[in-house]
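Colleague: On the provided structure of chain A, position chains B, C and D as indicated by the hints.
4 protein chains.
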Amino acid sequence: MVNFKIADESLASKGDEALYVAENKMPVTTGIIRKRFEEEKPLKGVKIAGCLHITKETANLALTLQAGGADVYLCGSNPLSTQDDVAAALVKKGINVFAWHGNTDEEFYWCIRECLKESPNILIDDGADMIITAHKEFPELIENGTIIGCQEETTTGVKRFQAMEKQGKLKVALFPVNDARCKNQFDNELGTGQGIIAAIYGMHVLFAGKVCVICGYGHCSSGMALRARGLGANVIVTEIDPIKALQAKFAGYQVMPIAEALPSADIILTATGCKHVITPTKEMFDKLKEGVILGNLGHFDIENLTQILC
Amino acid sequence: MVNFKIADESLASKGDEALYVAENKMPVTTGIIRKRFEEEKPLKGVKIAGCLHITKETANLALTLQAGGADVYLCGSNPLSTQDDVAAALVKKGINVFAWHGNTDEEFYWCIRECLKESPNILIDDGADMIITAHKEFPELIENGTIIGCQEETTTGVKRFQAMEKQGKLKVALFPVNDARCKNQFDNELGTGQGIIAAIYGMHVLFAGKVCVICGYGHCSSGMALRARGLGANVIVTEIDPIKALQAKFAGYQVMPIAEALPSADIILTATGCKHVITPTKEMFDKLKEGVILGNLGHFDIENLTQILC
Amino acid sequence: MVNFKIADESLASKGDEALYVAENKMPVTTGIIRKRFEEEKPLKGVKIAGCLHITKETANLALTLQAGGADVYLCGSNPLSTQDDVAAALVKKGINVFAWHGNTDEEFYWCIRECLKESPNILIDDGADMIITAHKEFPELIENGTIIGCQEETTTGVKRFQAMEKQGKLKVALFPVNDARCKNQFDNELGTGQGIIAAIYGMHVLFAGKVCVICGYGHCSSGMALRARGLGANVIVTEIDPIKALQAKFAGYQVMPIAEALPSADIILTATGCKHVITPTKEMFDKLKEGVILGNLGHFDIENLTQILC
Amino acid sequence: MVNFKIADESLASKGDEALYVAENKMPVTTGIIRKRFEEEKPLKGVKIAGCLHITKETANLALTLQAGGADVYLCGSNPLSTQDDVAAALVKKGINVFAWHGNTDEEFYWCIRECLKESPNILIDDGADMIITAHKEFPELIENGTIIGCQEETTTGVKRFQAMEKQGKLKVALFPVNDARCKNQFDNELGTGQGIIAAIYGMHVLFAGKVCVICGYGHCSSGMALRARGLGANVIVTEIDPIKALQAKFAGYQVMPIAEALPSADIILTATGCKHVITPTKEMFDKLKEGVILGNLGHFDIENLTQILC
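Residue numbers (this note's numbering), protein chains in the order written: chain A, 1 to 310; chain B, 1 to 310; chain C, 1 to 310; chain D, 1 to 310.
The following block holds chain A by itself, in its conformation from the complex (with noise of 0.2 Å):
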């Protein structure tokens, strides 16, 4: 029996198209790995809980595990990336998922907790809030050693679980994902700086000619630059650690302080984790051109860009 609250189930036979592509486009993970899982069922009697975005992506991460002989419980990372479609074509091949788009807050932690309820032994998180809610809500899961690992994807969990464990908070084996020269070299660079790029690009926006300011020279940065450069932009660089801010240089880019750079620019795009790269003052806006396009690359909706927008 699936458990489950999702937005359309009638939605199903559309995400399954969605599926088709990714796994198609996955053929580690489909060919490989799903196939040797079938096989051998490794992961028979498994419960694993995910707090991931709800993609055709992880929707087919999702299906693998279960080929594994896992069964799967799945809640939305954030509430603005869960695909409707592929939710309801997920609860229809037997997956567990508490996800829809443009959930609350409230609703956000309610999906959390219901895939807890499961007693899950492994848990995928995707920004720490899944490992966090069973440190504090859940914790017998932990004592009596129900749950025996978990993942952390993103550099912002990782860096939340470095600080728990310095102060001997972090209770459970935890395996950061985001270390691996896998991930942050592929997945960061490539993947995460080009998906706002593609985003503006897709709205026929030309870089040619224009000027890109990137804020930041970390992984997702540097490959923002790279790929905002490869579509014709002159790109400058601010970034406050020194040697970065050198790597950014040598690699042909302006690198200046942000104040000096804004005025020049006809597309601003942050990727720090911070808050008020760009400062939300009057002064700073005067500065901007008209029209100028403003671009953030964070993990939710609540960065610095907005609250420069408002």
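Treat the hints loosely; a few may be bogus.
As the list makes no split between identical chains, a pair holds if one copy fits it or if it spans any two.
[Claimed, not checked] Once the Cα atoms are required to be at most 30 Å apart in a straight line, the calculated DSS-like pairs of lysine-lysine come out as: (1) Lys244 - Lys289; (2) Lys244 - Lys35; (3) Lys244 - Lys25; (4) Lys282 - Lys25; (5) Lys289 - Lys14.
Think of the hints as simulated: they come from the structure by calculation, not from any bench.
Modeller: Frame of chain A, contents of chains B, C and D only:
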């Protein structure tokens, strides 16, 4: 009184939003030329007919001609590019529009005729269809001097008129806009070349690590190659003009015959102006990778790509 | 019998080594054209005089013309480019050479006259000096049809002949090699543009992280900009032609007036064909960074750069 | 009193010119650190021995240490890199130098011993030879605390010391300079990677249009790949580490096994730290193009390249 046939007048306010964007992104047309036209009215009493893509950008052109005193008549140069909301906004502002998304071949020519019936003095064409129709069906407009001059925007169109001129059949003064350095070195390379890449990239297809085959190395296709490489693709160029092929090679691309290039391709984009670049045979099909993305940059949707897909 | 005046005949065997390299690196000239010329002897009885850079590459051209049956007479088109070892090797192989490194202005014209005294039928020029000397001092060669045609290799030379033609003063048939697509889109952009960059880079100057100002954005200078960027420099372009300036901007470079660009420059390279691009004033000098590298790509060593250094 | 053995003291004034360039191009070492050292004399009474490339840049380092109060003793870390003029200039300024271009293996170790005989307190090594010699032949310097610390600059050297540490054989405190972000992300990628490209490019080899095979995709080799592409080459990477190979592929390079890559190569550069990357067999040789350029970036001249050429 405005004369028109469009899809839906009620879309005007949505079209106004699109116009707002275009007006802000086209400072020369809007801020310099239109301002001067409003004062000087150089086109007072002139009737201008345009067979153009009915988009927010050409809308901005039409309104600028109107500001200069002209009566403007528009029909769509491609049934698939007409934006019905923009058409509605234009009608409300007094532009005579005969265009709707997805019209048939017959309707396409009906729209051209509606414009020509108004006895225009200047024709602005995108693909030669309106000017050729004027020659065939409205010869009196040419003979009696009503039509004082024409413009053609595209490589394809200019080539058709050069052929007509050789045979002594071109009866109007024609300005080949396409041959202006400001057109082919910018619009073709940066705009047209970018369009198809932006459309695919905007669907979050990762170019990095993929093999992208670009068929042709003219203005549009070399622009596509540059952008595909800028997005991290390994680009292979196919080109039958030996000097252009050499240019592609010296620009650092692999250059090879199309039959050799196809088997390794993840993305194939053609921009040659010719049909059958990829021959629609079973033999050719069997060489292609599962899931390859095929795209064509051309005047209509009946070029080589569609033929493959049939 | 070979007629010649060169620096040192004993350098011939060293010149042979240079020739060996050129012959292997120029497979079309050596392997295809020379082979055919040896069989067909299409230039039998023809006297060809060339005023060219006496380097291993033009040596390969001269030997190929000789293989076709021609008598070849060479003088140097630039006193600083003549390779004395190559000149010696050529003399030994039967080419009539009048050239040595560092000859004076007077000697330069003496060498040209020695070639013209031989009553050549075809002139190959690099900078217009030989053909103009023929007009001035050997008009009978033109009038009596001894000279049947001429070629000019450079932009500078072609411009001089276009001016002469307008005034009705050009009396010979002239083939402007420079205007061939195979010349200006390859030799100018890739070869000439690369030369100055290679010379500096070969001294192990790090371009990465430096600000490199390129004055001009024609064939040669755009090639230099591309290479400087490819080596990691942040490139600023200065250009007075508005369309070329726009091309530079859309290629992702910063574009600004020279006076604004100079103060931040680590390397400044000019390739405009004009003098005084950097005006040799104290005011301009005081703006330059300590240790800035200045370079000029031009026909002689008396263009703007030297004037600065005086 | 200065102790030394060099090639030719009379070269000192030529060496001074080289020093002048280095001092101006190294503003941090010269302008900031040396200035502070001159005032604070933090190294007063300290003996420092360096086994380094005796070039104008390390000369600048030696003079800065001297300005801080140290007695400096230098020997060359590579017999082929010693600049005899720089050595002469250093001796004249009071640096004890034991180095000359082209010394033999036996002489190489004699020079190291001369430095160690002076009972230095700090060793600066480039390749591990001096520190290992200290362990083997001057153990008392380590045991009695004369040597208070060591530095090693290269990847190769650091690896040797890590192996010694594992076996409990490393007896000194060692600072692995190579592992500093400021070293391997700049010196290795930008400097070392550039060196070999600059050497070839400086001989006016056209990279544009050539196939350049880079063996390896570590810090140095990825820098070489970037520069070769920046000069217009079509770059193929060979790499046995699967994650690095994937990085190369996602950076847009072709990636393939070396045996597949060689036949199309115009230029082959190896930077793997290993021998026999290109196996010196007749079978391999027969695959190479006539006139292919082979280069190796390594610690000595006895790595794979030489072996091929034998």
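Colleague: State the violated hints by number, sorted upward, taking the hints as numbered earlier in the document.
Modeller: Of the numbered hints given earlier, the structure breaks none, since each of them holds.
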